[in-house]
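All chains, please: the whole structure from these sequences, using the hints.
Protein chains in written order, with the working numbering: chain A, 1 to 178; chain B, 1 to 178; chain C, 1 to 178; chain D, 1 to 178.
I should point out that these hints are in silico values taken from the structure, not numbers from a laboratory. Remember, predicted model here, so these are calculated numbers, not experimental data. All C-beta atoms in this analysis are idealised placements derived from N, C-alpha and C, irrespective of residue type, glycine included. Just so you know, nobody snuck in bad clues.
Computed footprint of chain A on chain B, listed as stretches where at least three residues anywhere in the stretch have a Cβ under 8 Å from a Cβ of chain A:
(1) 30-40
(2) 71-79
(3) 95-104
(4) 167-176
With the Cβ distance kept under 8 Å, some of the chain B side facing chain A (calculated, not the full set):
(5) I43
(6) R92
(7) I127
(8) P129
Away from chain C, derived, C-beta distances all over 10 Å, residues of chain A:
(9) R22
(10) R36
(11) T37
(12) L50
(13) E82
(14) P87
(15) P107
(16) P117
(17) A144
(18) P149
There are 4 protein chains.
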Amino acid sequence: MNNTAVDTEGAWFEPSRISELRRRLPIPYVDIVPVRTDTDGTISQVGLLLRASGTGRIVRAIVSGRVLVHETLREAIARNVEKDLGPMALPRIPVAPQPFTVAEYFPTPGQSLFTDPRQHAISLAYIVPVDGETAPQEDALDLAWCSVPELLASGMLEEMEGGHDIIVRRALAHGGLI
Amino acid sequence: MNNTAVDTEGAWFEPSRISELRRRLPIPYVDIVPVRTDTDGTISQVGLLLRASGTGRIVRAIVSGRVLVHETLREAIARNVEKDLGPMALPRIPVAPQPFTVAEYFPTPGQSLFTDPRQHAISLAYIVPVDGETAPQEDALDLAWCSVPELLASGMLEEMEGGHDIIVRRALAHGGLI
Amino acid sequence: MNNTAVDTEGAWFEPSRISELRRRLPIPYVDIVPVRTDTDGTISQVGLLLRASGTGRIVRAIVSGRVLVHETLREAIARNVEKDLGPMALPRIPVAPQPFTVAEYFPTPGQSLFTDPRQHAISLAYIVPVDGETAPQEDALDLAWCSVPELLASGMLEEMEGGHDIIVRRALAHGGLI
Amino acid sequence: MNNTAVDTEGAWFEPSRISELRRRLPIPYVDIVPVRTDTDGTISQVGLLLRASGTGRIVRAIVSGRVLVHETLREAIARNVEKDLGPMALPRIPVAPQPFTVAEYFPTPGQSLFTDPRQHAISLAYIVPVDGETAPQEDALDLAWCSVPELLASGMLEEMEGGHDIIVRRALAHGGLI
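See below:
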């Protein structure tokens, strides 16, 4: 395990600095559920990353990352999609800043449905349709596009950590699919 | 004024039939604010139709129309966009059925902010980014794409009837622009 | 089975009239998930009705009903809550008309997740906290308040028809509980 | 001007510490529009604070404050309402974590509609009906409840800083009033 695997923004600070900040303040995040859509707008596929977790396990994950200081939410969404899906993904950044849900990650399991051992993070969650070519980047081992029935039947949601499966389920509920 | 100008779906019923239905039930509608977006998702332009109103005045309007029986909301959005913007508009139908607002049109002015002399309509309002070529159809005289500052400065919103200007303002507020 | 069990608004029209309207137009509805909340706003309990369905089965149901002509959504929510939970329920009608989801009921199973053999209904769904005393009314056999864990564990959601269980699940997802 | 006027949470850190954090990370906030509602849920009045701004001007403001580390959004809403409206306000904390809008405050005017000379803040905005007794607290000079027509006619919205007037307008738009 290295720092990049844990937090690709970590390089902005010395490791001791970022971990101090994380003890002091909730960290603003964006959680992005990448989807393929039919021409009528219905979610047809969900994109899931396969990556090594902070604890060294292999897990499924959605696109997720910090909002940096002086960065807009739109920039943070675009940057994190590019970081995880590559520069040709052609994401359709949402028209409105209202997230479909907000996930509150706490270091202590049980304080909410979402846990992140590193920090208290407040994450605005968006569904982002992706029209272009995607490829796993950097620390991701794979990127799989799954149809919704396949996703629900496959057990992939159970391979997610920290509550990412709940974000995907809420995205599907918001999209009218479950 | 002819029936087509008043209600392009009127042809589904004899005129006496539809007006009787309108006295009996609220009529489900979709109101669509067509927009052009920047690559970061921000609304850059709003599309406004120029058409003859039911009373013969020339007015600006958004895309608006009934949901037909046995038609899904997604089909109603696509059909009404095509009816008003043409078959090459390439609308991005919303991922989620949750509208950004609901407009309740009543025949009697003052019962709400929205009036429709023909009927009590309950309209689900959506922002729909449009990527393709658009052209005014049928009963529309023109279709203008206006930048947001131009729209707010031009007085065009004051040329809208029944509360369509309020829907546009709520769309811009929802999109984070005003 | 009598008409009241099927549609408590049916009395507004002769039965032949309402069934004709239902073949002609989608019918606007409101679906209401009644909840008790903690002081921090979290949903603590969900209220479920026990009633005879249109087919004579005993089912669990949420509060659901038509929007009448010339009635506002706020009035429709208040009237339907009173119809099912009684006049002392003290519902907190939502501040905003934006529903948390929209359910499209079709007569033919499979066209959407929601079915209603009587009609094509378009239903705006709201979570409504209820602070007062509630009692089953008219055609309801019982009204049960269930804690969220109990609701999820009990199998009660499987006793719902037409997709009401999906509305409850979406309400819990929207409320941040699942 | 003292620190309390600028940031009532400042006391959690030495002043030099919080200003360093503010250069490093966006700060998570909640913006709360306190309202009185009619029994049908419509916003009848909006509560506005009168306070000294960071620059010593007298301004109108909504309830606004940081989310502290290890604090839930629900706790942050309740704490900030109590801080500004007093312990008897009886706020109805929202059932769902989805904010009606997100305001991004930047130190540099023009980067967005919202400015905060102290920091980059990301603020989740909620409408919070208040049923109890309210009184201005600590650093507030006054708390005024204004009817919506009065608010729009009075020029009070022009006495707000940093974009708080835009949050109030978006709240009224979301509530179906403008």
